[in-house]
Each structure stands twice: as C-alpha cells, then as structure tokens.
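Asks: Sequence:
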Amino acid sequence: MKLQAKIILTVIIITITVNFLFQYNFIRIQKRDSLLELSSKIEKTNNLLSKINSGPMFYYDTSLIETNILSFLKDPEIKSIRVIESSGEIDLFYENKDISSDEVIEVGTDVYYGGDKIGRIVTIYSKDIINSKIANFIKTILFSLVAGTLLLSIILLIIIRQIIRPIIELTDLSFEISNGNLDKEIHIHSRDEIGTLSRSFMKMRDSIKEKIQSLYIENEERKRAEIALTYKTDELANANRELKAHRIHLEELVQQRTSELQESLDRLGKTKDQLVQSEKMASLGDLVAGVAHEINTPIGIGVTAASHLENETARFSKKYKSGEMSKSMFESYVDLASESSRMILSNLLRAANLIKSFKKVAVDQSSEEKRSFNLKEYIDEILLSIHSKFKHTNVNISVESLEEVIMDSYPGALSQIVTNLVMNSLQHGFENMEKGSITINILKNGEYSEIIYSDTGIGIDKEIQKRIFDPFFTTKRGQGGSGLGMNIVYNLVTQTLKGSIICESELGQGTTFKIRLPLIIE
136 MKLQAKIILT
146 VIIITITVNF
156 LFQYNFIRIQ
166 KRDSLLELSS
176 KIEKTNNLLS
186 KINSGPMFYY
196 DTSLIETNIL
206 SFLKDPEIKS
216 IRVIESSGEI
226 DLFYENKDIS
236 SDEVIEVGTD
246 VYYGGDKIGR
256 IVTIYSKDII
266 NSKIANFIKT
276 ILFSLVAGTL
286 LLSIILLIII
296 RQIIRPIIEL
306 TDLSFEISNG
316 NLDKEIHIHS
326 RDEIGTLSRS
336 FMKMRDSIKE
346 KIQSLYIENE
356 ERKRAEIALT
366 YKTDELANAN
376 RELKAHRIHL
386 EELVQQRTSE
396 LQESLDRLGK
406 TKDQLVQSEK
416 MASLGDLVAG
426 VAHEINTPIG
436 IGVTAASHLE
446 NETARFSKKY
456 KSGEMSKSMF
466 ESYVDLASES
476 SRMILSNLLR
486 AANLIKSFKK
496 VAVDQSSEEK
506 RSFNLKEYID
516 EILLSIHSKF
526 KHTNVNISVE
536 SLEEVIMDSY
546 PGALSQIVTN
556 LVMNSLQHGF
566 ENMEKGSITI
576 NILKNGEYSE
586 IIYSDTGIGI
596 DKEIQKRIFD
606 PFFTTKRGQG
616 GSGLGMNIVY
626 NLVTQTLKGS
636 IICESELGQG
646 TTFKIRLPLI
656 IE
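The number in the numbering used here is simply the position in the sequence shown, starting from 1, with 135 added.
Keep in mind that the hints were calculated from the coordinates and are not lab data.
Be a bit skeptical, because a hint or two may be false.
[What the hints assert, rightly or not] The list that follows gives simulated cross-link-like pairs (lysine-lysine, PhoX-like), each with its CA atoms no further than 20 Å apart:
id, residue 1, residue 2
1, Lys209, Lys176
2, Lys346, Lys358
3, Lys209, Lys262
4, Lys166, Lys262
5, Lys166, Lys274
6, Lys358, Lys505
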C-alpha cells in the first residue's frame, strides 16, 4: 500500500470513528430527551383526560366522554384510549386506526370525583413519531458523515498529493542515482522542508557526479601510469640490482670505517687517560719541584747558621784553651750560639712542616683513598704545598670559613681541583695584570659543603664559558696548554666527589666557580 493511501485511510478511519462516537452519543441523548418529553406529555395528557372526564363519568354522560376522547385521538401519538367506570356501567374503547405501531407505551390514570375513585382511563401512546424522528436524524447524520468523509478524502488527497509528489520525485531520483543515472532532473521549488531536501538531493547528485568524473579521470591517469610503469619495470629491476650491489658495497665500507673509527676512538680514549695521568703526574712533579724549592730556603739558612756557629765555636775553643778567654768574649759567644740555634731550629721546623704538607698532599694525589679531613685546614696545606707557584707574583690568596667543615671524602681529588683552579687563575685570569687576589670561601649547607672560588682576573668570555669544561679546549694551544685542566676539575667534582660545579664570569669583573660537594661519600 502506498504512503498516500495509508495516510488517507488512517485519517478517514480516525475521522469516521470519532464522528460515529460523537453522533452515536448525540442520537442517544436525543432519543432520551424525546422519551422524556413524551413521558411528560403523557402525564399531562392523562391528567387532563382524568379531569375533563371525571364529571361525565360520574353522571354517566357517555356522549360527552366520547366527544372528549375523540378530540384527544386527533393526537398522532395517541393510539387508543379506554374509559372504565368502577361499577362497570361504562367501558368505552376508542382507537386511532391510522396508527399501527407495535412500539407503544401504556399508561393508566385513576379518575376521582369529589375525592372518590370513580374509574380509570388507560391511554396507549405510539413511539412511531419518535422513532421516525430518530430514523430521519440518523439518515441525515449518515449522509453528512458520508459527504464529509468524501469531502475530507478529496481534500486530503489534494494536500497529500502536494506533499507526496515531491517525495515520489525524490524517490525516483534516488533510484535513478543508485542505477547510475546522474542526469535526471527534478523540479521542486517549494520553500518548505521538502524543497530543502530536494535541493540537498540535487547537490548530492552533483557532488557524486563530480566525484565519479574525478575518479574516472584519476582511473584513466592510473591506467596510463600503470602502462608506463610496465615499460619501466625492467629498467627499475636493473637499477634495483645495481642499487643493491652499491648498498652492499656501502655497508662494507661503513662497517670498515666504523671499525676504524672505533679503533681511533679507543686510542683517543687511551690517549686521553694517558694525558690525564700525565697531567696529574706533571702536577705532582710541579708540587715536588715547588716543595723542593721551598725547602731549599730554610735548609740553606740552617746550613749557613750552623756553619757560622761551627766557625765561632772553633775560635771560641781556641781562645779558651790558650787562656785568652774574657768575660765579654764568653757572653758574645753565648749570644751567638743562642741566636744561631734559634735560627737553625725555626728553619728546620719550617722545612719539616713543608715536608709534612707535601707528604700529605702527594700521598692523597697518588693514592686516591677516602679519609676524613678538615676542609679549611686541608686547603691551607694545598696552598702551602704550591706556594712556590705564586709567591713571586703579586697575587694574594685567602681562605675563609665561618665554621669548621669536616668531610669524609677523597682529599686527593680536592687537591687536584684546588691546584688546577689556582694555576688556571695564574695562567689565564691574571695574564698581563700586575696584581690580583683569590678568595676561597667555605660554607656548610646541611649535608653539603660549598666552596666558592673567586678571582679578580680579567674574566671569561661567554662563548668560552660554554666550552670551559670540554676536554682539550684551551686558549693557550701552542703555548703548552693541554686543554685538560678544567675538564679534570669537572670530572673530579661530578664523578669522584659526586658534586656539581658552575662557572660565573663577566669580562673585566673576574671569575667565580661554585662547587657543591657532599660532606660524606658513601
């Protein structure tokens, strides 16, 4: 069943059902009202019959009764009237022969005269008029129902055709599109939803048409490309074989170069380790030379004082043996011996302290063992052992610490760090400067120690700062610089001592190295 038939049938069924229920209820009400009206009429008529016939019945005036009854029989709803007198003297029956209905209502009414019952009047009423009225009403309703339904169907058909026709056209268009016909046109120009839908269908059709054309062109191009590709398959295969051969050869070359580079890298690593060790040994050698130079001075003074004392003692002994000793000569010798002994002792103690410091620093640098030490005291010993490096310069070095800092770490690494920092300042920081100062501040911060090393040198350029800890980086290449000094410092701080180091510097404002080290290394 088509959609428009379904809609029309549904609307008609609903309309007929609703109208039928409404009319049925209306007829039922009309019938009830008609019966009520008839009942009221019957009651009034019987009361009237009782009143006008009470006198004639009492006086047995049958002619008057007949006249009264016949006048009432003119009513088309009264089928018959029967008058019965209580004594039986009067029993009259009058009937309207024109009424032959079987649906009747029989009503009896007592007749009174002077308060006494004198008889009874029985009236039979016909329902034909009511039934005829109801039947005519039903016919009218049925006619109007059929006419209204027919009119409604026509109106619905017209309206639905206006709605369904565009839908049918859209359905046909969809069917044609599904069958590949993209040239079919539809002519729906309404501004409602159907019109919007039809325009969307046309846009979809045009889009599909353009897409198919595009795919067709693309397919043709692909076919041409496949044909061209077929011609070049052999060439590509040959090229692929050549490329594979080149790739294999290249892989062999890469493998060979990789092996050579690995060997070079291994040699470079060994060379670096040797250079680092050489740097350490050179530092230790400088330390030995410096300490030897430092020890030479107090020992030389001691030897000179001892020699002078020996000569004076020989002269004093000669005077004493010859008996030429005077009191003044004795006192002079005692003063000389006392001064010489004091000088010899002080210089020997100085040499002993130098040897002690050298021994401690040298052993720490060579053994790389962990031990507990006072940080400030140990830095003082380091500076004492390298004093020869800066004693002839106009550079003042001071170590400051507000509290005692005890570390359980590797003093040899710390010695190398301080030595390299001082030598870096002397060689680079104070180049072409007449004087300067180096300050080493020691701080304790929780479980860490902080060493702030600052000099008042020429400072470091920003670009150099970025590479200052790189291995083999030096600004003195060709002048004896290895480029490993600050790299050794960085590795010792970060790897051996498990700390951190940063460099801060501005040209003309000196350089600061901030070193943060754990107090205890596990």
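Asks: State for each hint whether it applies.
Replies: For each hint, the structure was consulted:
no. : hint            : verdict
1   : Lys209 / Lys176 : holds, 14 Å
2   : Lys346 / Lys358 : holds, 18 Å
3   : Lys209 / Lys262 : holds, 16 Å
4   : Lys166 / Lys262 : holds, 11 Å
5   : Lys166 / Lys274 : holds, 15 Å
6   : Lys358 / Lys505 : violated, 80 Å
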